[in-house]
Amino acid sequence: MIRVEARTSAAPELATETETRLAGLWHVIVINDPVNLMSYVVMVLRKIFGFDDAKARKHMLEVHEAGRSIVWSGEREPAEAYANTLHQWHLSAVLERDETD
Amino acid sequence: MPTPYTNGTFPPFWNAMKRIEVRLSVSVVAPLLDVIREMATSLSENLAVPLKIDDLDEVMREAWVEDLQREQNADLEFLLGLFDEEFFRDGAIQLDEKTADRVIRACAAVRLRLRSERLPDIDEAMLESGDVAMNELPESRRNVFLCYIFLATLQELIIQHLDMGETKA
Numbered sequence: 001m002i003r004v005e006a007r008t009s010a011a012p013e014l015a016t017e018t019e020t021r022l023a024g025l026w027h028v029i030v031i032n033d034p035v036n037l038m039s040y041v042v043m044v045l046r047k048i049f050g051f052d053d054a055k056a057r058k059h060m061l062e063v064h065e066a067g068r069s070i071v072w073s074g075e076r077e078p079a080e081a082y083a084n085t086l087h088q089w090h091l092s093a094v095l096e097r098d099e100t101d
Numbered sequence: 001m002p003t004p005y006t007n008g009t010f011p012p013f014w015n016a017m018k019r020i021e022v023r024l025s026v027s028v029v030a031p032l033l034d035v036i037r038e039m040a041t042s043l044s045e046n047l048a049v050p051l052k053i054d055d056l057d058e059v060m061r062e063a064w065v066e067d068l069q070r071e072q073n074a075d076l077e078f079l080l081g082l083f084d085e086e087f088f089r090d091g092a093i094q095l096d097e098k099t100a101d102r103v104i105r106a107c108a109a110v111r112l113r114l115r116s117e118r119l120p121d122i123d124e125a126m127l128e129s130g131d132v133a134m135n136e137l138p139e140s141r142r143n144v145f146l147c148y149i150f151l152a153t154l155q156e157l158i159i160q161h162l163d164m165g166e167t168k169a
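So the protein lines, in turn, are chains A and B. Counting along the first sequence from 1, when you hit position 88 you're at 88 in my numbering, and nothing is skipped either side. Counting along the second sequence from 1, when you hit position 161 you're at 161 in my numbering, and nothing is skipped either side.
Don't read these hints as lab results, they were simulated from the structure. All residues carry an ideal CB built from backbone N, CA and C; glycine is no exception. Hints should not be assumed to be uniformly reliable.
Stated by the list, open to error - For lysine to any residue, the following SDA-like pairs were computed, each having C-alpha atoms within a straight-line distance of at most 25 Å: (1) B/Lys-52 with A/Pro-78; (2) A/Lys-47 with B/Thr-99; (3) B/Lys-52 with A/Arg-97; (4) B/Lys-52 with A/Asn-32; (5) B/Lys-18 with A/Val-94; (6) B/Lys-18 with A/Glu-65; (7) A/Lys-47 with B/Glu-21; (8) B/Lys-18 with B/Leu-162; (9) A/Lys-47 with B/Ala-63; (10) A/Lys-58 with A/Thr-100; (11) B/Lys-18 with B/Glu-97; (12) B/Lys-98 with A/Thr-100; (13) B/Lys-52 with A/Val-94; (14) B/Lys-98 with B/Phe-78; (15) B/Lys-98 with B/Phe-83; (16) B/Lys-18 with A/Pro-78; (17) A/Lys-55 with B/Phe-83; (18) A/Lys-58 with B/Thr-153.
Claimed, not checked - Among the chain A residues that face chain B by a calculated CB cut under 7 Å, a handful are: (19) Asn-36; (20) Leu-37; (21) His-90.
Claimed, not checked - Footprint (simulated), chain A over chain B, 3 or more residues, beta carbon under 8 Å: (22) 23 to 35; (23) 47 to 58; (24) 124 to 131; (25) 146 to 158.
All chains should be modelled from the sequences, with the hints used to inform the complete structure.
See the structure below:
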């Protein structure tokens, strides 16, 4: 008789570790690049985040002048979705956990 | 027919159904298509912007890259598809809001690739202003630079008219 045994004891620990690592507030940060047009960056920010023109321009200028701008903050999962969409539009984005707590 | 701008484009217009027609000078644009094709090939297995999110798990990263690559390739295929027989007959390309997005994204991907692969040594300020001495560029690079400028102009035109469309709506 073949006996199949499955051991899963490590999984809950791993899941807990991942949940802890990804918990908390995350920032979606757009990084400057020397190629994309300012009007393009404004348009993409308006499309993705629903910003009005003034807010999109403010972030675009911050990206241009400071090299980066926090464009959204919140839970990890939606932050990943926003970063993915920014990449789809060829804007470089990183995620950073808020360390102010 | 109206007179083209010096960059080979004509003033575009929106019709009531929010479609944009952009007229281009075939003689100016045709030599640039090889540059776009070359970059599209170079991008077929490379993202224009490498993923910089370090802490994604491996499965998620692979899924993201695959998905982004597929979308990027679809955008580039659409852009190249605009320059078909009809384009060579009358120089016109027609877009709706959805396909305009594809074209704007494809232009961004090609421009990013041109910058990193074919124009890495040109000063950033010069490239931004477009103030590059064409006569000093080797002939093989003139079309590369013109292509970079042309794609930016095409993006600008479409973005401006998308904005106008939103204002009207």
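Results for each hint:
1. B/Lys-52 with A/Pro-78: Since the Cα atoms of B/Lys-52 and A/Pro-78 sit roughly 17 Å apart, the hinted pair holds (cutoff 25 Å).
2. A/Lys-47 with B/Thr-99: holds (15 Å)
3. B/Lys-52 with A/Arg-97: holds (14 Å)
4. B/Lys-52 with A/Asn-32: Holds, at about 13 Å.
5. B/Lys-18 with A/Val-94: Roughly 34 Å between the alpha carbons, so the hint for B/Lys-18 and A/Val-94 is violated.
6. B/Lys-18 with A/Glu-65: violated (35 Å)
7. A/Lys-47 with B/Glu-21: The given pair, whose Cα atoms are some 22 Å apart, holds under the 25 Å limit.
8. B/Lys-18 with B/Leu-162: Given that 25 Å is the threshold and the Cα spacing comes to 8 Å, the pair holds.
9. A/Lys-47 with B/Ala-63: The hint holds at about 23 Å.
10. A/Lys-58 with A/Thr-100: The hint holds at about 23 Å.
11. B/Lys-18 with B/Glu-97: The given pair, whose Cα atoms are some 7 Å apart, holds under the 25 Å limit.
12. B/Lys-98 with A/Thr-100: violated (40 Å)
13. B/Lys-52 with A/Val-94: holds (6 Å)
14. B/Lys-98 with B/Phe-78: The hint holds at about 11 Å.
15. B/Lys-98 with B/Phe-83: holds (18 Å)
16. B/Lys-18 with A/Pro-78: Between B/Lys-18 and A/Pro-78 the Cα gap is close to 31 Å, so the pair fails against 25 Å, i.e. violated.
17. A/Lys-55 with B/Phe-83: violated (36 Å)
18. A/Lys-58 with B/Thr-153: With a Cα-Cα distance of about 23 Å, the restraint between A/Lys-58 and B/Thr-153 holds, given a limit of 25 Å.
19. Asn-36: holds (6 Å)
20. Leu-37: holds (6 Å)
21. His-90: holds (4 Å)
22. 23 to 35: violated (count 0)
23. 47 to 58: Coverage by chain A holds here, the residue count being 9 at a Cβ distance below 8 Å.
24. 124 to 131: holds (count 3)
25. 146 to 158: holds (count 3)
Violated hints for the displayed structure, listed by number in ascending order: 5, 6, 12, 16, 17 and 22.
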